[in-house]
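Chemist: Residues per chain are reported as follows:
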Amino acid sequence: MHTTVVEIVTGRRPAVVDLGREVDAFVSEAARGLDGLLHVFVPHATAGVAVIETGAGSDADLLAALDRLLPADQRWVHRHGSPGHGRDHVLPGLVAPFVVVPVLGGRVALGTWQSLCLVDTNVDNPVRQVRLSFLPG
Amino acid sequence: MHTTVVEIVTGRRPAVVDLGREVDAFVSEAARGLDGLLHVFVPHATAGVAVIETGAGSDADLLAALDRLLPADQRWVHRHGSPGHGRDHVLPGLVAPFVVVPVLGGRVALGTWQSLCLVDTNVDNPVRQVRLSFLPG
Amino acid sequence: MHTTVVEIVTGRRPAVVDLGREVDAFVSEAARGLDGLLHVFVPHATAGVAVIETGAGSDADLLAALDRLLPADQRWVHRHGSPGHGRDHVLPGLVAPFVVVPVLGGRVALGTWQSLCLVDTNVDNPVRQVRLSFLPG
Numbered sequence: 000m001h002t003t004v005v006e007i008v009t010g011r012r013p014a015v016v017d018l019g020r021e022v023d024a025f026v027s028e029a030a031r032g033l034d035g036l037l038h039v040f041v042p043h044a045t046a047g048v049a050v051i052e053t054g055a056g057s058d059a060d061l062l063a064a065l066d067r068l069l070p071a072d073q074r075w076v077h078r079h080g081s082p083g084h085g086r087d088h089v090l091p092g093l094v095a096p097f098v099v100v101p102v103l104g105g106r107v108a109l110g111t112w113q114s115l116c117l118v119d120t121n122v123d124n125p126v127r128q129v130r131l132s133f134l135p136g
Numbered sequence: 000m001h002t003t004v005v006e007i008v009t010g011r012r013p014a015v016v017d018l019g020r021e022v023d024a025f026v027s028e029a030a031r032g033l034d035g036l037l038h039v040f041v042p043h044a045t046a047g048v049a050v051i052e053t054g055a056g057s058d059a060d061l062l063a064a065l066d067r068l069l070p071a072d073q074r075w076v077h078r079h080g081s082p083g084h085g086r087d088h089v090l091p092g093l094v095a096p097f098v099v100v101p102v103l104g105g106r107v108a109l110g111t112w113q114s115l116c117l118v119d120t121n122v123d124n125p126v127r128q129v130r131l132s133f134l135p136g
Numbered sequence: 000m001h002t003t004v005v006e007i008v009t010g011r012r013p014a015v016v017d018l019g020r021e022v023d024a025f026v027s028e029a030a031r032g033l034d035g036l037l038h039v040f041v042p043h044a045t046a047g048v049a050v051i052e053t054g055a056g057s058d059a060d061l062l063a064a065l066d067r068l069l070p071a072d073q074r075w076v077h078r079h080g081s082p083g084h085g086r087d088h089v090l091p092g093l094v095a096p097f098v099v100v101p102v103l104g105g106r107v108a109l110g111t112w113q114s115l116c117l118v119d120t121n122v123d124n125p126v127r128q129v130r131l132s133f134l135p136g
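Protein chains in written order, with numbering that gives the first Met the number 0: chain P, 0 to 136; chain S, 0 to 136; chain Y, 0 to 136.
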């Protein structure tokens, strides 16, 4: 298994960050033309990984849906940091902190409109780690 | 890694389609009695894969829940195709487009009531691809 | 692939049960200092696996969010067992019954605040099976 950690700046607002560039660079080096599975993992308790289209508004739509499904208000038992932060700790229950996708011939075999994205609603941690691992098949 | 793509007709209504027949056929050929992991992946930006019971109403219940959690109305920034289509692009954020399940002795080791299902709320794409991959352990 | 099944008592109330002890024991024996992927799978149609922080209220927060997103009332087509049980069958559509996380040097490489948890809203099945599998890389 080849594995590495990349640092992603998500900033101080809820963000969906496209990991395409980091993933492509890693897979072209780690897979070297082989087939296998790519594992994307965020080792944080207040972020998730999603496969969605970016650049056409769906990233904003996902954040708006999460604002409604997990409101950033005072309802949460887990209460510290910015107001409503407890909802960030529930996020990984719905948007899991990992994704597994196929690698074929050394390239991630996503659909045309799919992008691997870090989903980070936590405004208190502007820099995140993402672990990329390639398991040859 | 053994891998193949199957075509699934999901039709022009939101649908939960049981992939059991396609999965069993693939795994019996690809795994040949071995242990490993089965990876099910839909390379589309408006569909997901879920493991639920089928045939007792939970497929309809899942679609009804998604209608409520991600309403097919005009709220979405991503706006093209059928009315409310933007919600189909948020779906993979909640119902991820992949599943990984164990294979034991050449058979998918699901629980009695579990089925691998394609979840497709997108009414504009009646035919979908699903990639099945077996990684021997 | 090394694989085993552990039994987890979740009791007769909705529960988020930390699997850390079982996972650590399995991985230390199965991985023996190697890298790879850990697959956690619950072979039941009314439970999921999540990676969240435990011990600070987020387990209760996740259950409260699920109560709101999937209410235990009479709306569900799938109707048997305790009142509202149909929602337990939709749960795995949102909280999938599997998780894959990296193993490095024979240890699960979770973040500081992450725990692998069984999420079980089904009050009719107090004992659950969880399959742990290690795929060396």
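In case anyone wonders, no lab produced these hints; they're calculated from the structure.
Fair warning: there could be bad hints in the mix.
[Claimed, not checked] Under 10 Å between C-beta atoms, here's a sample of chain P residues computed to sit facing chain Y:
1) Trp75
2) Gly92
3) Leu93
Computed from a prediction, not measured in an experiment: that's the story for all the values here.
The beta carbon of each residue, even a glycine, is placed where N, CA and C say it ideally should be.
Chemist: Determine for every hint whether it applies to the structure shown.
Modeler: Okay, the hints, checked on the actual structure:
1. This hint holds: Trp75(P) has a C-beta 5 Å from the nearest C-beta of chain Y, less than the 10 Å allowed.
2. With 10 Å as the threshold, the beta carbon of Gly92(P) comes within range of chain Y, its nearest partner Cβ sitting at about 4 Å, so the hint holds.
3. Look at Leu93(P): its Cβ gets to within about 6 Å of chain Y, closer than 10 Å, so that hint holds up.
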